[in-house]
Amino acid sequence: MKRVIRGFPVIAVALILGIVTSACAARITQFGDFAQAGLTYVKASEAVIDDAGVASIRANNVTLVKNRPAIPPENRLAEINTHNDLLKERLVILQDIRRHGRLLQRYFQALADLAGSDAPQAAAAAADGAFASLSKLSPGIKTAKVGAASVGNLIPAVTKPIVASFKVRALERELELRSEAIANEIALQEAAFTAIGQGLVTDLQVQMNTFETEQVNNPFAADGVLPGNWVGNREQLLKMTGTVASAGAAAAAARNLRASFESLVNNRFDRAALDSLLLDINAMLDIATKIAEGL
Amino acid sequence: MTKRSSSGPMAVVREAPSSRPDTAGLYATLLSDLNSTIVRMTSPRFDAVLQSGSAEDRLRAMREILAVEKARLVLGNAVLQEIATKLKENEPELIEGRESLEEALDHLESITKVLDTVSSFLDVIGKVVSLV
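If you read the sequences in order, they're chains A and B. For the first sequence, this note's numbering assigns the number 1 to the initial residue and increments by one for each residue that follows. For the second sequence, this note's numbering assigns the number 1 to the initial residue and increments by one for each residue that follows.
Among these hints, one or two may not hold up.
[What the hints assert, rightly or not] Which residues of chain B face chain A? A partial, calculated answer using Cβ under 7 Å: (1) 24; (2) 42; (3) 44; (4) 47; (5) 49; (6) 73; (7) 77.
[As the list claims (entries may be wrong)] Restraint ranges, calculated between C-beta atoms of paired labels, are given here: (8) 58(A) x 82(B): 24 to 32 Å; (9) 181(A) x 110(B): 28 to 36 Å; (10) 65(A) x 107(B): 46 to 54 Å.
Hints are computed from structural coordinates only; laboratory data are not their basis. Glycine included, every Cβ here is placed at the ideal spot set by N, Cα and C.
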């Protein structure tokens with residue numbers, strides 16, 4: 001009996017140690033996976049932002065070039081300067097959204113460091129710094145106009161995430177303090193990419209229309225031999241049609257990122273959630289790459 | 001080509017709480033209309049209609065396409081708070097203009113009618129943001 005009584009605590013301690021070690025490893029893995037997914041998201045979202053910037057410039061270019069004969073020569077300089085200024089303004093806000101995504105990723109990395117660190121002060125300070133920078137940047141984005149909508153009007157409602165127990169006081173404190181604010185910042189990304197997607201579709205469509213008329217339809221309708229690249233041009237045009245229709249993939253990835261963050265905070269960010277998030281991020285990157293290739 | 005210029009170097013919109021949601025909704029609708037208009041005026045279908053028109057029609061269409069492109073950039077970069085009052089003041093005309101525009105672009109019955117409608121719509125937009 002005495003041996004059993006003495007033996008029980010040994011087994012119990014071993015079991016508890018095993019559970020604690022396993023829980024600790026799972027926690028570190030969850031936050032590490034999420035930070036890594038955040039990095040992938042940022043890279044993919046930057047590709048979309050690049051596409052949006054290039055598309056707005058090129059749509060403006062084809063419009064100006066095609067319709068230049070209608071501008072009297074004495075007005076052309078003023079006309080080009082006006083369009084340059086307007087496009088520069090648009091590109092500034094896209095860069096702000098890019099910076100916002102990078103700051104979010106810095107925050108996710110700081111959370112991962114907090115989850116796995118024995119000395120969390122540095123990680124907590126990094127999270128604090130990233131959050132402070134986000135707070136300075138986001139008001140400008142909220143009030144920005146991108147495409148056909150004000151970003152602020154597209155922000156979805158966010159409910160306060162439920163913070164699970166992670167057995168790391170600094171991590172739990174950080175999540176209690178800021179998880180709702182961070183969920184709102186991710187919602188801002190979602191709104192920004194909804195607006196970007198709308199503008200991107202218009203700019204791509206303007207380019208494709210001009211391409212279809214000048215490189216596909218007019219050569220085909222004209223007398224004479226078709227240009228050697230005609231078949232390739234037509235194929236490129238038709239392939240791009242489907243890609244343009246998928247320009248909303250970035251907003252879907254941002255939406256999943258927010259849901260994943262809420263799962264992470266609630267200690268429910270499992271392998272299936274990670275796979276789903278990565279699937280959406282990869283879809284965003286895939287569309288962005290196809291658009292970049294087709295532009 | 002009528003000279004039109006930007007309303008200002010603002011890249012962001014600061015929305016007045018009192019202006020929402022009506023003006024914000026109207027604003028988004030107008031931008032969406034301008035986006036839709038430029039897409040349709042650059043479409044192969046519209047180009048084909050223009051080919052059947054006169055040289056003067058084509059030249060006028062070029063001017064209107066340039067004006068729509070500029071208007072969507074100017075309105076897109078505008079500060080809602082600054083134009084909210086003018087949006088409200090011109091709301092009936094804007095709504096009437098966008099309905100006529102949609103009908104004209106849907107049917108493409110006559111080049112002159114389409115270009116007149118686009119021009120009228122831009123004139124009303126010009127009362128909200130400076131396009132000149």
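Against the structure, the hints come out as follows:
A hinted interface residue such as residue 24(B) counts as satisfied when its beta carbon comes closer than 7 Å to some beta carbon of chain A; here the least separation is about 6 Å, so the hint holds. Because the smallest distance between the Cβ of residue 42(B) and any Cβ of chain A comes to about 4 Å, under 7 Å, the interface hint for this residue holds. A hinted interface residue such as residue 44(B) counts as satisfied when its beta carbon comes closer than 7 Å to some beta carbon of chain A; here the least separation is about 5 Å, so the hint holds. For residue 47(B), the shortest C-beta to C-beta distance to chain A is roughly 5 Å, which falls under 7 Å, so the interface hint holds.
A distance limit of 7 Å between C-beta atoms decides the matter here; for residue 49(B) the minimum to chain A is near 12 Å, and the interface restraint is violated. Restraint check, residue 73(B) versus chain A: the minimum CB separation of about 4 Å is within 7 Å; hint holds. This hint holds: residue 77(B) has a C-beta 5 Å from the nearest C-beta of chain A, less than the 7 Å allowed. Range check, residue 58(A) to residue 82(B): about 30 Å between beta-carbon atoms, so the 24 to 32 Å window is met.
The hinted range of 28 to 36 Å is not satisfied by residue 181(A) and residue 110(B), whose Cβ atoms lie roughly 56 Å apart. Distance hint check for residue 65(A) and residue 107(B): the Cβ-Cβ separation is about 29 Å, which falls outside the suggested range of 46 to 54 Å.
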